[in-house]
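**Student:** Residues per chain are reported as follows:
Protein chains: 6
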Amino acid sequence: MATVKLWTDAEAAADPRVAAVFNDIRTVRKSDFINNFWRALANQPDLLERTWTSVKTIMIAPGELDPLTKELIYIAVSTINSCSYCVHSHTAAARAKGLTDTQHGELLDIIGLASTTNSLANALQIPVDPEFSIG
Amino acid sequence: MATVKLWTDAEAAADPRVAAVFNDIRTVRKSDFINNFWRALANQPDLLERTWTSVKTIMIAPGELDPLTKELIYIAVSTINSCSYCVHSHTAAARAKGLTDTQHGELLDIIGLASTTNSLANALQIPVDPEFSIG
Amino acid sequence: MATVKLWTDAEAAADPRVAAVFNDIRTVRKSDFINNFWRALANQPDLLERTWTSVKTIMIAPGELDPLTKELIYIAVSTINSCSYCVHSHTAAARAKGLTDTQHGELLDIIGLASTTNSLANALQIPVDPEFSIG
Amino acid sequence: MATVKLWTDAEAAADPRVAAVFNDIRTVRKSDFINNFWRALANQPDLLERTWTSVKTIMIAPGELDPLTKELIYIAVSTINSCSYCVHSHTAAARAKGLTDTQHGELLDIIGLASTTNSLANALQIPVDPEFSIG
Amino acid sequence: MATVKLWTDAEAAADPRVAAVFNDIRTVRKSDFINNFWRALANQPDLLERTWTSVKTIMIAPGELDPLTKELIYIAVSTINSCSYCVHSHTAAARAKGLTDTQHGELLDIIGLASTTNSLANALQIPVDPEFSIG
Amino acid sequence: MATVKLWTDAEAAADPRVAAVFNDIRTVRKSDFINNFWRALANQPDLLERTWTSVKTIMIAPGELDPLTKELIYIAVSTINSCSYCVHSHTAAARAKGLTDTQHGELLDIIGLASTTNSLANALQIPVDPEFSIG
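Residue numbers (the numbering used here), protein chains in the order written: chain H, 2 to 136; chain G, 2 to 136; chain W, 2 to 136; chain P, 2 to 136; chain E, 2 to 136; chain B, 2 to 136.
It does not matter which identical chain is meant; a pair holds if it fits inside one copy or across any two.
DSS-like, lysine-lysine: derived pairs with alpha carbons at most 30 Å apart:
| id | residue 1 | residue 2 |
| --- | --- | --- |
| 1 | K31 | K98 |
| 2 | K6 | K31 |
| 3 | K57 | K31 |
It should be emphasised that the hints constitute simulated quantities derived from the structure, not laboratory data.
One chain only, chain H, in its complex shape (with noise of 0.2 Å):
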């Protein structure tokens, strides 16, 4: 269960900010379906309008690294950040952009062995190579 309202297609529709975000998250996806994410953000039009854009601009926009890459830096963040509901979005994602089972595989790998050296390193408080520093 939420700590907000998730809107119904009709609310939203209701509202010109959330329709006018809701029409253009349906027009860029090519698909009907509206994730609760944006049904929960309606509540704030303002975030709502500035989340998307920020979506936009940053995943969907054409850049150096392709689609798939984006959407596994995301799914590792989120997995650090024990977001249930970003790792479920952004896995289907990752999947609907091509990630295959070895892909998948490779990337838990990474998650794994990232976690593991940076609790040693932690723990014992290495200090950083000056071979490291810029400039």
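Assemble chains G, W, P, E and B onto chain H, guided by the hints.
**Tutor:** Relative to the frame of chain H, chains G, W, P, E and B by itself:
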């Protein structure tokens, strides 16, 4: 300052197990440089051997994900886990593997956006859409 | 499902120490409702007593920060710690203390922005400016 | 040491986009001081512009939450995310906005208490009471 | 719901590598029960094999720390990482190894206290005393 | 550098509440050394008194868990919370209570393994087995 001793080259050379790992790191990486992470793990030869084996298996052996993508995922995990040492060492590793400033900017953007949406999803306790389910 | 038993009212009434805390919670909050957090802590009467005393001292006794501000800080901490239970209970508490939708939106905005800039600062390992130093 | 170059005033002045943001920061804050966070973001002008816009929108524009309350929430998030830089910069910002020693003590108390109860709730996996549900 | 398929006994029996690990788990644990963690890892036989080997080496092989102490440390890490699954499975494992209610209460107390003092130290950015240094 | 003043012995001696706590720390620990954590908390006498009382109750008073086991749990929590100060102070405390290099290695191994399996379980969103339920 570390919570354990950082082994010098002379100390490493005098312990056969540590020497074997240090030599293998130098051979695999084609570099004489041994960073502090391994000098700290040298206090526990079992852990040193297992960690280096994992790094070779996961990060160095060829797979479907290319070496630079692996480093981006590693940096993302290390950033969220607040591991200063690991952020430094893997950002340097990514640069050595060709990370461009544009790619670094895109990585920062994704880490930043995911951090925000993770927080929003956790603050709103958004229920997972059944569409994201497996099977 | 919890990892410990949740005490019923009948079980709590039969243990003098647990009964005393539950009664005090009801008196202080002017409500018969005892939420699951306290029913779980009842397994450890020492911990139950100390935790309730801390809550009374820190969250209920008057101070310079008003009760709603205290709840906003509590929600922020609970969100970043990914404590689903605590986000739920303290968002409900904030609403009971007058949280408006606009304030909730501003809280979400700050939590989201801070999450992003925290990630950026950690990914970039930005050195602290001497101007921020004390003394 | 940072993982990226920190831009000097001379370097910033030579790049029109960076110069524009630095000038706006100085104007809005009525101070010549540009802290390292912005000098690091200058490597990525897009990210620099978007981050400064977010800070102005969320932290500086008037809202229902007063400026000091916003800083307290920011400190709370930054503390739990272990962002040393952000804790320093936002504690200094809170002091500049009038934070008293008593308020600082109350903030510390709430962060500490929430951290404990978050851990307890997560260790006990306490189920959310239906009373905390929306709708 | 998981982000991957959970393997049934029939599916596991049909894959030699998965079958071998499941059989070894049953033999080592002297129990027919295979918990969902292993059924999820079965999608990646390499990861399954390596993870089970690590568990046997670290948690099951005799060492200086006794089996119950190892579980207490595991619960502490899992609690702070907000891993609901791991808190459940390792609290059950600790009970099977003799965890008493008093010991559980002491564990909760230490996790709670450490969470508070961690937050305080991070909020105050307390410098490490030279007395805690090695060498 | 801290975000608050670290109290000198002279300053502490001039404040009766701070002096009383510092004296009690010295008596209980049978040592003149007051580490920076307490010198920072001295700015908030209430918090100082309550924190020291908690430490005495939880870490120093005898219980079912022995003093070294308590420190191992404390180090595990502090490592995952990325509290540099706390990792340093409690690793030193564990050594003072007899921590051997072998035990330290086992602790590191468990923290590392748990970090990995926590990440895997969170990335795979593995549902809790009903067998782990209470009651």
